[in-house]
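Q: With the hints as a guide, bring the two chains together.
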Amino acid sequence: MKLAFNLTKIDSSEDNKLHYGRKKMKGDTKLFKKGIGILVVVLVIALALAGCSKETTGFKVGMVTDAGTIDDKSFNQGTWEGVLRAAEELKLETKYLKPSGTTEADYIKEISNLYDAGFKFIVTPGFKFETAIFQAQDKYPDAKFVLIDGYPHSGDYAPVVKENTVSIFFAEHESGFLAAVATALQLKEGEVGFIGGMEIPAVQKFNWGFQQGIKYANENLGTNITIKAENVIYQGSFDNVAAGQQLAAQMFDKGVKAIFCAAGGVGVGAINEAKSRAKTGEEVWIVGVDVDQYAEGIYEGDKSIIITSAMKYIDQVSYDMIKAEYEGKFPGGETLVFDAKNNGVGIPAKNPNLSDEVQAKVADVFKKLQTGEIKVSDQQGSLIK
Amino acid sequence: MPLVAGVLGLLAGAVLMAATGNNPFQGYAYLFRGGLMNIERIGNSLATATPLIFTGLSVAFAFKTGLFNIGAAGQMLIGGMCATAVGLTFMWPKPLLLTVMIIAAIIGGAAWGIVPGLLKAKFNVHEVVATIMMNWIAYWTVYYVVPAYFKGTYLETESRRIPYAASLKVSWLTDMFNGSYINLGFFLAIIAVVVIAFILERTTLGYELKAVGYNRHAAEYAGIRANRNIVLSMMIAGALAGLGGAAFYVGYASNIQIGVLPSQGYDGIAVSLLGTNSPWGVFGAAIFFGLLHSGKGFMNAMTKIPPEIADTIIATIIYFSATSILIERNWDKLRKRMGGAK
Chain A
1 MKLAFNLTKI DSSEDNKLHY GRKKMKGDTK LFKKGIGILV VVLVIALALA
51 GCSKETTGFK VGMVTDAGTI DDKSFNQGTW EGVLRAAEEL KLETKYLKPS
101 GTTEADYIKE ISNLYDAGFK FIVTPGFKFE TAIFQAQDKY PDAKFVLIDG
151 YPHSGDYAPV VKENTVSIFF AEHESGFLAA VATALQLKEG EVGFIGGMEI
201 PAVQKFNWGF QQGIKYANEN LGTNITIKAE NVIYQGSFDN VAAGQQLAAQ
251 MFDKGVKAIF CAAGGVGVGA INEAKSRAKT GEEVWIVGVD VDQYAEGIYE
301 GDKSIIITSA MKYIDQVSYD MIKAEYEGKF PGGETLVFDA KNNGVGIPAK
351 NPNLSDEVQA KVADVFKKLQ TGEIKVSDQQ GSLIK
Chain B
1 MPLVAGVLGL LAGAVLMAAT GNNPFQGYAY LFRGGLMNIE RIGNSLATAT
51 PLIFTGLSVA FAFKTGLFNI GAAGQMLIGG MCATAVGLTF MWPKPLLLTV
101 MIIAAIIGGA AWGIVPGLLK AKFNVHEVVA TIMMNWIAYW TVYYVVPAYF
151 KGTYLETESR RIPYAASLKV SWLTDMFNGS YINLGFFLAI IAVVVIAFIL
201 ERTTLGYELK AVGYNRHAAE YAGIRANRNI VLSMMIAGAL AGLGGAAFYV
251 GYASNIQIGV LPSQGYDGIA VSLLGTNSPW GVFGAAIFFG LLHSGKGFMN
301 AMTKIPPEIA DTIIATIIYF SATSILIERN WDKLRKRMGG AK
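Chain order of the listed sequences is A and B. According to this note's numbering, the first sequence is numbered sequentially starting from 1. According to this note's numbering, the second sequence is numbered sequentially starting from 1.
Please keep in mind that the hints were generated in silico from the structure rather than gathered at the bench. Model, not experiment: these values are computed from the prediction. Among the hints, a few may not be true.
To be verified - Below, in silico cross-link-like pairs of lysine-lysine (BS3-like), each with a Cα-Cα straight-line distance of 27 Å or less:
| hint | chain 1 | residue 1 | chain 2 | residue 2 |
| --- | --- | --- | --- | --- |
| 1 | B | Lys169 | A | Lys139 |
| 2 | A | Lys120 | B | Lys94 |
| 3 | A | Lys341 | A | Lys323 |
| 4 | A | Lys162 | B | Lys94 |
| 5 | B | Lys151 | A | Lys385 |
| 6 | A | Lys91 | B | Lys151 |
| 7 | A | Lys279 | A | Lys188 |
| 8 | B | Lys304 | A | Lys60 |
| 9 | A | Lys323 | B | Lys169 |
| 10 | B | Lys122 | B | Lys169 |
Claimed, not checked - Example chain A residues on the side facing chain B (calculated, C-beta under 7 Å, incomplete):
| hint | residue |
| --- | --- |
| 11 | Ala105 |
| 12 | Lys109 |
| 13 | Glu110 |
| 14 | Asn113 |
| 15 | Ser237 |
| 16 | Lys385 |
Every residue gets a Cβ at the ideal spot worked out from N, C-alpha and C, and that includes glycine.
Isolated chain B, as found in the complex (with noise of 0.2 Å):
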């Protein structure tokens, strides 16, 4: 069904095309030559890519429990500014820097999703809005923290430039890629995935969290604690948006801005939403939005697209990908109907 839903989207994108006088064949060759042409480009979308595979599996995870996190930005900007923090302060060896980083962004991510948990699970509060309001708070802590503690010499806007020892990039892949900006962030998504995916399909913890999202209290009913596991699937949600903001902040980019509350995190819903919330899902899904953002700017290059009509047929694409659940479910009506007629 997702299939389906991505064909609708990119139809949809191809009627715009036409629609503003542009050939949507030629369109759509030059937006994937853009994203697959060369070995630097396909490394390109992987790493555009990547973070949103972290926050498409954020989203999706906390909606197995039944939760909507809109959270994943906020939690992303913690969890880079954690792993920033720890890049900018220690001159440890790579691997050991890394791996503490790392750490740091899981619990600065888990940490931003586990207040909304709580919220939830003790008063009630709709994890929307709690989520709503991290992000802002994200945002201006990270405002606060980055002049105040790892401003550059000149710009008050931004951290210090994170050194390479600090950095998901690695010069083997950037060579193999031919300096694209790949970095080690994909495996950890690829690992991310088949985590998760063990978790939900494999352990009695997904099995609970899954309880409790399907109906909270026949979970309870059963014996599940409702509560606990809401709090720990806002929590691993949290930490998986953390993660990405890692792989974001000290991975694909070179630095942590403030200001900007990362689109990712958003886009992670849409993500979510076209994988129908399955981690493997997700993976095709974060992969095909990576190749839409990354191949753009090739489209628009090569094409008279303008740039903020390109930007309206991407977000069409995505637009109508995520709709991809609607149109499973009225495709199993229509099977039952056409089923019911036999």
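Bound conformation, chain A alone (with noise of 0.2 Å):
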């Protein structure tokens, strides 16, 4: 409020001066010399300085990162470890540019720059530049594209996935059954909630998942947990840290135990939330998405309250890609799935709170996703939301 009334005082006053008799005129074109002015230093200085580029050859890899930071601990970074693990092996060179919007033009904008820089493998996490690379791989027929999560479309939810292209997608649903699975077994009984970002396919699979998992152990492997409607939460957006703290306090102050987080920042809200009842005695949990939270959870010690975490191994296939178009085997015009069959998804090799027999017993569930014999649907159907 301060602030606001000295702008608008020191407005007035420098105005003032400005505006009493024939002055005033004065003062309009003495305003629009201003303006130019402005664009005509900024012309001058761009002459100047243009002219003085270095043209690069050779295989370099860029990515555009999605909404969020590099070090998203999820997403964009599960991406951008998987380029540098490349490019580390393979010696190459690697930018990641950061799109100051999440339109389509922003996008189609950062992509144009790491063309125009020579970086013509171009790595794009997220749903959100299907129609970005739509237009991206007609522009830039020669450059490589890999888009996760998605599919090139005009907008119409068709498919057009051109030959400098391959999409990706996870079968988040899997990843999310085990990780149910696996939290049903540790905990036995109980009750367990979730807590999505936006509603998004992605997001819901894990949901789905994750339910029919909960449903699965209760069936099969004698566990009795419990899971609400009323717990079944999607916040809204994908980085609004404290409406997820408030949201796991709600429902831990019910009686959960056990949430399942795939909600970016709101994740780490909830995380946050778990970290302060636990280091007090209480017995909560969270189960991590995307990538291993372990570490994100440690409250003392190396106690952690991710009990575990429903994973895609999106660094192993952003450094697959990668590694295919070094060899020269870049499966252009493809859409890829990863799922349990080919170890695209499923929980972190170590998890120091699963017992070995819970383990075991996942393992199991895990082969047995990956011959077949268990069916994991990508559909609401009768599930919450």
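A: This is the structure in structure tokens:
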């Protein structure tokens, strides 16, 4: 408020001088000249500096981030870690760019920037890139695109995957299923909940898979876990940490023992809440998402409130695609699905909060998913939300 | 004076680049090449600047009446939502549809501006508080309306794509700028600048608005109805930001997303300050900022500057640029002191 007051005051005092009498008209043209003046200076600087460019050739890998930062402990970070791993192994140059907004125009601008700078192998994580890649694959036929969690389309959802693009999907429902089975087996009885970010396909599939996993464990593995409709919530964003903390607090107060968070920053809030409760001796758990979030949940020594994580091996996928391109085997034009069968999803290899017995049983279930003995639906059906 | 501020901003950015171990000359070379290298990039810079011209004008206009409009973001959202709603509902020929959409955006934005104006005039509620609250009402209104009535086939988080007939993008302009995102919004912005400059400098209304801004009590004493002018000023400011919403959501972007308050709303404050609250100043400042925003990515791609530092550099430039009024004031003091010494 003070700021506002000052600004307006300064403003009116400087304008007073321009205002009285004939000076008014002069002021008008003067201000016009100022506007043009700014432009002229900009142009002069631009021309003076333009002309010094360096062209590099070779295989350079670029990435455009989705909404959120590169260290989001999730999608962007997973993709980028895979890129870095491949780059180190194959001695490649890498670069990631962060768009200034989340519109198609913002995404295409960054793709153009990478392309013009010689980064012609471009990885884009997130369904929001779908229409941008649809245009980019035509605009830059000599570039290669990896689109994770989406397929290119013109806005009408009819997939058009060109020869220079590969579209990648994960079976989130299988990942959620496994995490649910692991959680159910470890807790044996009690209530669990789910916090989602926005109601988008990937998050919904995590949720539906999770519910099916709980049901499977109750019916086949002798657990008694309940999940109430009131405890299945989509917060509506991926960055509202405070809301995540509140939602988690409400659920824990109602007696929920474990919450599956597929919600980016909202999940971070839930993890914080669980950590502070665990410190006071309460038994609460969070099921992590996308990557192994064990380290995020450490509250004391090496004790973590992350019971396990529903993982998508995003880093592996971006690594594989770069390697494939390096070896000249880029699967252009294809739509690949990563699921239990090709080890694209699962729970972490090490789960300090799960007993060996539980882990053995989960491994068993994982094998059944691989052989197709257990099938997890990626549709809502009769499930909650 | 804005020139000094702009140069100061660029210098501050250069210091930051040097401090992070990068060559500032090279950095700026790539920054400006990124925004101006070819006709497509020039078009994109102008397209990025377009919403900023509107929000800058909106803030500047309210400033003239002594009001601080922080609500440009919300007014933009509502304007964009109204334009989107019309565009996705009716199947009219393009000229007619666009006209109605633009009017809808103006009405939506004006409605969002008039509320804080009335609150200020009737109950003396500070417009900063009221406009910030209106931002969140707009945010959640869009959050409800878009998924409920205009959502796409699969996604709950954004509206259907705006069809060509309802887009401010026109093929002759897109082709002229080699597939850039420049759209009719830019011409609307120029018209808005001319109209606002005219209102402020050549009409009784403009005179009254400014008089209320300089000294509300003196204006009232002179027979100007201050309250009426406060409401009018906020309404026009809102309408300008609403137009910016149309330029952004049905021009630059191709749909409206929920859960995002457009950053252009707040950038409008900096644009207005750098432009010393004058319409043409705002125009120049907005294009300068548009250039920075759109050249940033190329600078990133060509140098070792990480995106986070690049954002900081741009923010530093904007921050220092926005001090132009401060510089001007001190400049005058300095001159007076030197004059006094003579």
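Q: Output the indices of the hints that this structure fails to meet, ascending.
A: Per hint list: 2, 4, 6, 9, 10 and 16 violated.
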